[in-house]
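Chemist: Letter by letter, the chains look like this.
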Amino acid sequence: MIAYIVRRLFSTIVVMAVVAFVVFSLLYLTPGDPAAVIAGDIATDEDIRLIHARLGLDEPFLVQFGRWVWALLHGDLGTSIFTNLPVTQLIGQRIEPTVALTLCTLTVAILVAVPLGVVAAAKAGTWLDRAVMAFSVLGFSVPVFVFAYILILTFSVQLDWLPVQGYRNIRDGVWEWLRHLILPSIALGTVYVALIARMTRASMLDVLSQDYIRTAAAKGLAPDQVLIGHALKNAAIPIMTIIGMGIALLISGAIVTETVFALPGVGRLTVDAILRRDYPIIQGVILIFSAVYVLVNLLVDLSYVFFDPRIRY
Amino acid sequence: MSALAFIDPSIASPKSVSPTWRRFRDAFRRHPTALIGGVILICMVAIAIFAPWLGTIDPQAVAPIKRLKPPSADFWFGTDMLGRDVYSRVVYGARVSLIVGLAVAMFSTVLGVAIGLVTGYVRALDAVVMRVMDGLMSIPSVLLAIALMALTKASVGNVIAAITLAEVPRVVRLVRSLVLTLREQPYVEAAIASGTTLPRILMRHILPNIVAPLLVQGTYVCGSAMITEAILSFIGAGTPPNIPSWGNIMAEGRSLIQIAGYLILFPGICLSLTVLAVNLLGDGMRDALDPRLARRM
Chain X
4 MIAYIVRRLF
14 STIVVMAVVA
24 FVVFSLLYLT
34 PGDPAAVIAG
44 DIATDEDIRL
54 IHARLGLDEP
64 FLVQFGRWVW
74 ALLHGDLGTS
84 IFTNLPVTQL
94 IGQRIEPTVA
104 LTLCTLTVAI
114 LVAVPLGVVA
124 AAKAGTWLDR
134 AVMAFSVLGF
144 SVPVFVFAYI
154 LILTFSVQLD
164 WLPVQGYRNI
174 RDGVWEWLRH
184 LILPSIALGT
194 VYVALIARMT
204 RASMLDVLSQ
214 DYIRTAAAKG
224 LAPDQVLIGH
234 ALKNAAIPIM
244 TIIGMGIALL
254 ISGAIVTETV
264 FALPGVGRLT
274 VDAILRRDYP
284 IIQGVILIFS
294 AVYVLVNLLV
304 DLSYVFFDPR
314 IRY
Chain Z
1223 MSALAFIDPS
1233 IASPKSVSPT
1243 WRRFRDAFRR
1253 HPTALIGGVI
1263 LICMVAIAIF
1273 APWLGTIDPQ
1283 AVAPIKRLKP
1293 PSADFWFGTD
1303 MLGRDVYSRV
1313 VYGARVSLIV
1323 GLAVAMFSTV
1333 LGVAIGLVTG
1343 YVRALDAVVM
1353 RVMDGLMSIP
1363 SVLLAIALMA
1373 LTKASVGNVI
1383 AAITLAEVPR
1393 VVRLVRSLVL
1403 TLREQPYVEA
1413 AIASGTTLPR
1423 ILMRHILPNI
1433 VAPLLVQGTY
1443 VCGSAMITEA
1453 ILSFIGAGTP
1463 PNIPSWGNIM
1473 AEGRSLIQIA
1483 GYLILFPGIC
1493 LSLTVLAVNL
1503 LGDGMRDALD
1513 PRLARRM
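Chains X and Z, in that order, are what the protein sequence lines are. Start counting the first sequence at 4; every next residue gets the next number (the working numbering). Start counting the second sequence at 1223; every next residue gets the next number (the working numbering).
Hints are computed from structural coordinates only; laboratory data are not their basis. A hint or two may mislead.
Covered, in the sense of this in silico footprint (three residues per stretch, anywhere, with C-beta under 8 Å from a C-beta of chain Z), are these stretches of chain X [to be verified]:
| hint | region |
| --- | --- |
| 1 | 15-24 |
| 2 | 111-122 |
| 3 | 145-154 |
| 4 | 252-265 |
| 5 | 277-285 |
Backbone N, C-alpha and C define an ideal beta-carbon position, used for all residues, glycine too.
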C-alpha cells in the first residue's frame, strides 16, 4: 500500500513537472518583451536592458526555467504585469467564491446524479430510464453559459426569485450567501450530473447482471439492500473515476459561470487577465487548477481500496 | 450481372452491402434519435452553406437607428446594440461553429492517430510520450485553449489550432489503448512472423481496426470543440469580433441580459441544438459500431 502511494506520488510529480514545463514554455513563447511592458511607455533602451538583467531574461531557456521552478517551489508564482502584485496574493483574494461555487456544485451534483443513475439502472428500459438518459444527452449538449442565461431569464428576470448576478460573503448571512450560489451551482452542475448519472447507470447495469446479485436477491435480501449494499458498492470504482475526471469540466465551467454571474472568483480573474494579457496570472491559475485536478485524481485512485478491498497495491 | 440475377432479381441488387453499412442502417432503425440528430445536422450545414440566400442581410451592417429592436416581422431575431440584424448574424454564425467543430475533429484525429499508432507500437517512445500526454491532459482543455489563445491573436485558424492541441491527448490515449490490444491479436503476430514491415502492419492491420471507435470519438470531439469555441468567444479569447459567431453574439448580449435576452437566447438555442445533433449522431454510431457498449451506455 505504502509502496503504491509512493509510486503514485512519484508519477504525480512527473505529471506536474510536465505541466510546469508546458506552462513555462507558454510564457516563454509569448510574443513581445515583458521587460518593455514592465518598463512602460517612457523607458529608454538602457532601462529595458536593466530590467532584462534584473529578471534574468537574457539567460538560456533552461536556466530561466530552473529559476522559475525554484521560485515556484518556494510558493512564488511571479508578479502580475498589470497590478504589480504577487500572483499568489491575487489568487488568494479571489479563491473563496470559486471554492464555494465548486464545492456546492460538487456536493449537490453527486447527491443528485448517483441516485438518478441507480434508479435508471434499476428501472432499465422504462420511461424513467429513458428520461434520465434524455436529460443526460441534453446536459452534455447545452453549454454552461446558455443554460445559465436560461436560468437567469426564468428565475431572476421573469420570476424575480433569485439575484441576477453577484456574490455575498458568508459573513453577510448564510441565506444571502446561498441565494447567490443557487443558480450558478445549478448551471455549472448540470453537465457534471449528466456525466456522473450516465456512468453510474452504465456501471450499475454491468454489476446488476452478475451472479452474486442474483444470489443476493435469491437468498431473500430486500431489493434496496441488493441495489445499494451489493450493487452500488461494486459499481463504485468507475463512478469515482468519472467524478475525478469530471473535475476538469467543473474547473472549465467555473470560469464561464463566474463570468456569467459576475462572481469575483479565480475564473473572473483569469478572464480579466486574458483581456489584459497578464501572462503570470494565467500561468499561475493553470498551474493551481491542474494541481488540484491531479491531486483529486490521486485521492480517487487511493479511494479504490476502500470500495474494493480486493485491491492491494 | 450474373445469370442468376435473371431468375432472382434480388441477387442483382447490391445485397452484399458492407457489414458496417448494414450496422449503421440497423442502428438508425433502432435509434430514431440518431436519425433526428443527422437530419438536424444536415439542416445546419445547409443553413451555413446557403446563408446568403436565406433572407439575410449583411451581418455586419450597422444601423444605429434600429438599435435593440425586439424580435418582429422585420427583424426575426431582433437587432443588437449596433442595430445589426441578429437573425443574419445567427445564420452566418453557423459557419464558424461547424467549421471549427469539423476541423478540430479532423485535425485532432489525424494527429492523434499518428502519435498514438507510433507510441502504441514503439515501446521505447511510449513511456516518454504518454507522460507528456498525461501532463497535457491534467490541464483542463478549456484552460489550455484559453492559454494558447492568449498567446496569439484572435482568428478562426488559431481557435482551431488551440482547441485541436487541447483535444489531441485524448485521441492519442484512445488510439494507444486500441493498438496495445490489437498488437496481441494472432493476425498481427502472423504478419510479424511472415516478415511484414512495420509501416505496412500499421496501415493494413492496425488502422482499419481502429476506424470505428475513432469515428465515434471524432463526433464527440466535434461537439465539445463547438462548445469550447463558443466559450472562448464568449469570454473574449476566441473568434475575432468582426466575424459573427454564436459565442460572439452571446458575448455582446452579456451586459444586456435584462433588456435583450433574445441576443443570448437565439444563438444559444442554435448552438445547443447543433451540439445535441452531433451527440445524438455519435451515440447512434457508437451503438452501431460497438454493440457491447451499446447495451451499457
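Chemist: Would you check chain Z against the region 15-24 of chain X, counting CB to CB pairs closer than 8 Å, and say if three or more residues qualify?
Modeler: That given contact holds, which follows from 7 residues of the region 15-24 of chain X lying within Cβ reach (below 8 Å) of chain Z.
Chemist: Given that the region 111-122 of chain X was listed as covered by chain Z, double-check it with a C-beta distance under 8 Å for 3 or more residues.
Modeler: With 0 residues close enough to chain Z, the hint is violated.
Chemist: Do three or more residues of the region 252-265 of chain X come closer than 8 Å to chain Z, measuring C-beta to C-beta?
Modeler: It holds, with 7 qualifying residues against the three required.
Chemist: Check, residue by residue, whether the region 145-154 of chain X contains three or more positions whose beta-carbon lies closer than 8 Å to a beta-carbon of chain Z, and give the verdict.
Modeler: With 7 residues closer than 8 Å to chain Z, the region 145-154 of chain X meets the three-residue bar; holds.
Chemist: Are there three or more residues in the region 277-285 of chain X whose C-beta lies within less than 8 Å of some C-beta in chain Z?
Modeler: n = 5 at 8 Å, threshold three: holds.
Going down the numbered hints, you'll see the structure goes against just number 2.
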